[in-house]
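Chemist: Now for the letters of each chain:
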Amino acid sequence: MSIMSYTGGTVLAMAGDDCVCIASDLRLGEQMNTVAVDQKKVHKMSDKVYVGLCGFHSDAKTVLDKIMFRKNLYELRENRSIKPKVLATIISNLAYQHRFGSFFTEPLVAGLDPVSHKPYICAMDTIGNICTPEDFVAIGTGAEYLLGVSESFWRKGMNSEELFEATAQSMLSALERDAASGWGAVVYTITKNNVNIRTIKARMD
Amino acid sequence: MAAVDSFQNGVLQCEIEPNGFDFSNCTRNCALARMGAAPPRLNSTGTTIVAVTYKDGVVMGADSRATAGNIIADKHCEKVHYITDSIYACGAGTAADLDQVTKMLSSSLRLLELNTGRKARVITALRIAKQHLFNYMGYIGAYLLIGGVDPTGPYLYDVSANGVTMARPFAAQGSGSYAAITVLEKDFKIGMTEEEASNLVQVALHAGMHGDNASGNSLNLVVITPEKTIFRGPIVPDFCNKPEPIESDYKFKTGSTTVLKKKEIKFDIVESMDMH
Numbered sequence: 026m027s028i029m030s031y032t033g034g035t036v037l038a039m040a041g042d043d044c045v046c047i048a049s050d051l052r053l054g055e056q057m058n059t060v061a062v063d064q065k066k067v068h069k070m071s072d073k074v075y076v077g078l079c080g081f082h083s084d085a086k087t088v089l090d091k092i093m094f095r096k097n098l099y100e101l102r103e104n105r106s107i108k109p110k111v112l113a114t115i116i117s118n119l120a121y122q123h124r125f126g127s128f129f130t131e132p133l134v135a136g137l138d139p140v141s142h143k144p145y146i147c148a149m150d151t152i153g154n155i156c157t158p159e160d161f162v163a164i165g166t167g168a169e170y171l172l173g174v175s176e177s178f179w180r181k182g183m184n185s186e187e188l189f190e191a192t193a194q195s196m197l198s199a200l201e202r203d204a205a206s207g208w209g210a211v212v213y214t215i216t217k218n219n220v221n222i223r224t225i226k227a228r229m230d
Numbered sequence: 009m010a011a012v013d014s015f016q017n018g019v020l021q022c023e024i025e026p027n028g029f030d031f032s033n034c035t036r037n038c039a040l041a042r043m044g045a046a047p048p049r050l051n052s053t054g055t056t057i058v059a060v061t062y063k064d065g066v067v068m069g070a071d072s073r074a075t076a077g078n079i080i081a082d083k084h085c086e087k088v089h090y091i092t093d094s095i096y097a098c099g100a101g102t103a104a105d106l107d108q109v110t111k112m113l114s115s116s117l118r119l120l121e122l123n124t125g126r127k128a129r130v131i132t133a134l135r136i137a138k139q140h141l142f143n144y145m146g147y148i149g150a151y152l153l154i155g156g157v158d159p160t161g162p163y164l165y166d167v168s169a170n171g172v173t174m175a176r177p178f179a180a181q182g183s184g185s186y187a188a189i190t191v192l193e194k195d196f197k198i199g200m201t202e203e204e205a206s207n208l209v210q211v212a213l214h215a216g217m218h219g220d221n222a223s224g225n226s227l228n229l230v231v232i233t234p235e236k237t238i239f240r241g242p243i244v245p246d247f248c249n250k251p252e253p254i255e256s257d258y259k260f261k262t263g264s265t266t267v268l269k270k271k272e273i274k275f276d277i278v279e280s281m282d283m284h
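Protein sequence lines, in the order shown, are assigned to chains X and Y.
Count along the first sequence from 1, add 25, and you get the number used in the numbering used here.
Count along the second sequence from 1, add 8, and you get the number used in the numbering used here.
Since the hints were made in silico from the structure, they are not lab data.
A couple of the hints might just be wrong.
Label-pair ranges, simulated between beta-carbon atoms [claimed, not checked]:
1. His142(X) <-> Glu193(Y): 48 to 58 Å
2. Thr87(X) <-> Glu25(Y): 14 to 24 Å
3. Thr87(X) <-> Asp195(Y): 50 to 60 Å
4. Ser71(X) <-> Glu252(Y): 39 to 49 Å
5. Glu25(Y) <-> Ser71(X): 20 to 30 Å
6. Thr266(Y) <-> Arg102(X): 49 to 59 Å
7. Arg126(Y) <-> Arg202(X): 57 to 67 Å
8. Ser71(X) <-> Thr266(Y): 44 to 54 Å
9. Asn27(Y) <-> His142(X): 29 to 39 Å
10. Met43(Y) <-> Thr59(X): 21 to 31 Å
11. Asn218(X) <-> Glu252(Y): 54 to 64 Å
12. Asn104(X) <-> Lys274(Y): 20 to 30 Å
13. Ser83(X) <-> Phe31(Y): 10 to 20 Å
Glycine included, every Cβ here is placed at the ideal spot set by N, Cα and C.
The following block holds chain X by itself, in its conformation from the complex (with noise of 0.2 Å):
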């Protein structure tokens, strides 16, 4: 067994029209035996970034504590907020100086330009390979299922709603079919003017 599917977890970002969703789902686990069911893969980087990760998940805390070392660094130096393509660079930049002997973690960036407002999302491999498509990217040992099943529910230009359903939707098909996740979800939807945190009713099991 990889120890990428040690703890479980799946993490989902889409882009619409000037805003963005980024979810989780809740569990954590050892192999098979659920060990906690409240765990969040995604974290707020400042007002409209926000960072999943998945995989090994000390390794993701360990990850975390090293973002937002650096984040925190780059904000006091440059003196503004940071801009969720410059947080990506940091982060795959971090991965690729553990590139032989890496994290087992994925690192997904989702948010809005804090000026000008254009929704980012990308997803890295665990030694920072950055992928920046347009529609949605996603992360995690349901990534294969939520893939398949975004590619049907993504659509151009939808609206924060649209993209919240669509993203909710998306993330409780593959949970239905994904051992190693489960146990509820929470979407996180940023827009300009608010970020909308929904913790959604999925099964329990």
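With chain X fixed as given, assemble chain Y onto it according to the hints.
Modeler: Using the frame of chain X, we list chain Y on its own:
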């Protein structure tokens, strides 16, 4: 910044000024591998890249699919990398390695250009790349085609991950290179025109995208001449389009997902000069 400065020579040195690779996880990861845990799947470009020299320049091209195992990780992956205004590199192999190696190449060549006040030569790009790759004994999985035009003429080089390099009139690399090279071997001629060369590159890429499942989606081209560099792409060939457009799409009514708990973070509108 005083607090930050006091960390300079401490344990956070590598966080503040990253310098080279960090091997601190290697022991643990090797131990896990010995226990039989499968390593994580890395993004590979799984590529067809093609480059051809012609009368006075170079045409280079690549498909745009990145794969992780059998999953298409990225449909529009940029594999034609900018090095300088008149030097480009196409990459096959491990995607993260290619991004970082080409980023390193372009920044060191830009510095060289600024220090010398001349345009960088293709041979310099080649030498920096091969010395870096040879240093890491092939563990950095970057297979490059470096091409460009400098004051001494058009050049095309093939660079392997272990540091082996070759000068070539035409070349193909990546998993789709077997299909692509057959086209090049058949139709390549010395002293082609720009149009002939760019058509040949496109046909070779089509062959790679047909014959290799790890290549496809769309293609990017760059034409480098002594006067100018033209980037074209993404070009989607007919056979890469979905067979028919979707007739009905999935639209969910607002409120179809049951929300258990809701929290809203509202932003204060702050007008500030420091936003940029």
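Chemist: Now look at each hint and say whether the structure bears it out.
Modeler: Quick rundown of the hints versus the structure:
no.	hint	verdict
1	His142(X) <-> Glu193(Y): 48 to 58 Å	holds, 51 Å
2	Thr87(X) <-> Glu25(Y): 14 to 24 Å	holds, 20 Å
3	Thr87(X) <-> Asp195(Y): 50 to 60 Å	holds, 53 Å
4	Ser71(X) <-> Glu252(Y): 39 to 49 Å	holds, 43 Å
5	Glu25(Y) <-> Ser71(X): 20 to 30 Å	holds, 24 Å
6	Thr266(Y) <-> Arg102(X): 49 to 59 Å	violated, 44 Å
7	Arg126(Y) <-> Arg202(X): 57 to 67 Å	holds, 59 Å
8	Ser71(X) <-> Thr266(Y): 44 to 54 Å	violated, 30 Å
9	Asn27(Y) <-> His142(X): 29 to 39 Å	holds, 36 Å
10	Met43(Y) <-> Thr59(X): 21 to 31 Å	holds, 23 Å
11	Asn218(X) <-> Glu252(Y): 54 to 64 Å	violated, 39 Å
12	Asn104(X) <-> Lys274(Y): 20 to 30 Å	holds, 24 Å
13	Ser83(X) <-> Phe31(Y): 10 to 20 Å	holds, 19 Å
Comparing the model with each earlier hint shows violations of hints 6, 8 and 11; every other hint is respected.
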